[in-house]
Amino acid sequence: MSSSFQAPKGVSEYVPPRADLFAAIRSAFAEQARLAGYGYLELAVFEDTNLFRRGVGESTDVVSKEMYTFEDRGGRSLTLRPEFTATVLRAVLEHNLHKQGALPVKVWTTGPAFRAERPQQGRYRQFYQLDLEAIGTEDPRVDAETIALAARWYASLGLTQVRLLLNSLGCRECRPGYRTLLQEFLRGLDLDEATRARIEINPLRVLDDKRPAVQAQLTGAPLMADHLCAACQEHHDRVRELLADLGIAWEDTPRLVRGLDYYTRTTYEFDHPLLGAQSGIGGGGRYDGLAEDIGGPALPGIGFGLGLDRTILALEAENAGFEAAPRCEVFGVPLGAEAERRLFALADELRRAGIAADTAFGGKKLKGAMKDADRSGARFAVILGERDLAAGEAQLKELATGDQTAVPLTDLTSTLRERLSR
RNA sequence: GUGGGUGUAGCUCAGCCGGUAGAGCACUUGGUUGUGGUCCAAGAUGUCGCGGGUUCAAGUCCCGUCACUCACCCCA
112 MSSSFQAPKG VSEYVPPRAD LFAAIRSAFA EQARLAGYGY LELAVFEDTN
162 LFRRGVGEST DVVSKEMYTF EDRGGRSLTL RPEFTATVLR AVLEHNLHKQ
212 GALPVKVWTT GPAFRAERPQ QGRYRQFYQL DLEAIGTEDP RVDAETIALA
262 ARWYASLGLT QVRLLLNSLG CRECRPGYRT LLQEFLRGLD LDEATRARIE
312 INPLRVLDDK RPAVQAQLTG APLMADHLCA ACQEHHDRVR ELLADLGIAW
362 EDTPRLVRGL DYYTRTTYEF DHPLLGAQSG IGGGGRYDGL AEDIGGPALP
412 GIGFGLGLDR TILALEAENA GFEAAPRCEV FGVPLGAEAE RRLFALADEL
462 RRAGIAADTA FGGKKLKGAM KDADRSGARF AVILGERDLA AGEAQLKELA
512 TGDQTAVPLT DLTSTLRERL SR
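Numbered per our numbering, the first sequence finishes at 533, counting up by one with no gaps.
Mixed in with the good hints there might be a few duds.
As the list claims (entries may be wrong) - List time: in silico EDC-like cross-link candidates among lysine to aspartate or glutamate, alpha-carbon distance up to 20 Å:
1. 482 with 451
2. 476 with 499
3. 120 with 228
4. 176 with 158
For the record, the hints were derived by calculation from the structure and aren't laboratory data. Everything numeric in this text was worked out from a predicted model, so none of it was measured.
Take the sequences, apply the hints, and build the full model.
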């Protein structure tokens, strides 16, 4: 019997044991970020609507039809963040992080984002991302560093089928000319009305249309890769050289375009072949004009957003074997009130020693408490009854093998620590 | 947002041409007065997603609605 209510349409929620996996992969990312010198940010979940209008771009689908926008009691227009980069950059500028220390400012954050799309597996109205940004330098080494960080994280989770799709979208010097060239080409094709409208608003997007009928017509389309200016070409070559130095594989994907207007130069996507239509598990790129677009100084930057929901799905699809640390290693089975007190204290002592411990609650009989021990996933059960108390010992049972030995009560913690490390 | 598919026990699902709801797993209890997982026996569990309609009778047919899901679109 559930209540009269359910979570709003398309909101992804996690409960144990899946939520424990969710927390564990986020912790694994935090460690990667720390090792590479990225600081943590805790930020606003909603913003002035204009931040996204100007940052993400009016011509994008995200801004034009997918934002959760509302008016607060003071009549201000606010929007639940549909992505992280605009918020992170706004916060970095607002808190003057770019003036306080060395550039680039290296930061990361995580949490929910919101888009009003029709939900399906891997696409939710409330979804979760990891976001990492390096702000304040054009050095191609930060492009490679951020890409490598994401790739190392995927690898640390045991994922082996993640593909890195790489492209360069040029800059304010070379893209306008290419854009015009592409528009001229596209106008000559046989396309539906919505796509023709897109040619005028956001022509690059037409390139990664998935429909075969459209792709077939695109074979001779001009590509950004053939029209990069000298500086962008040099930058792109350097990034690829650095990735190769690190042994990170990628696929040059000249048709790759991302749906957010701010991207310049390096643009990429992490893709997982087992996830169907929602195969993009992460993506990012450089946004050298974004800071100015939102009214700030000229500060180049690069970063990515990685989807936690889709990463969980990828882990499950690959059966990757990454597991959260166990919630219980030792389970106390008490028989009687005195044993309950002693094992309650033992659990506390074990936890202080860094060992996950739990005990049966509710005055269960031996059989029921042993069943709880089994279900807890613990390696060891500590059984304590009148007889054992009288003898000053407890029964230590290894659940997988059934081997049971008596251990003096005073030696329990040290014995468990020793046996668990084997 | 567009076009399909599916909603039956905690989970996975069966349920024929409308006739008053089932299986496996999980769960509870017992076989075991101090031993789980295996085995044996017994038991409990459903607003058949929700609302309306047709009918003597609806899980089954019709309409609506909600949720999930597949593709497009979008992107994480």
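### Message
Taking the earlier hints as the rules, which of them does this structure contradict?
### Response
Of the numbered hints given earlier, the structure breaks none, since each of them holds.
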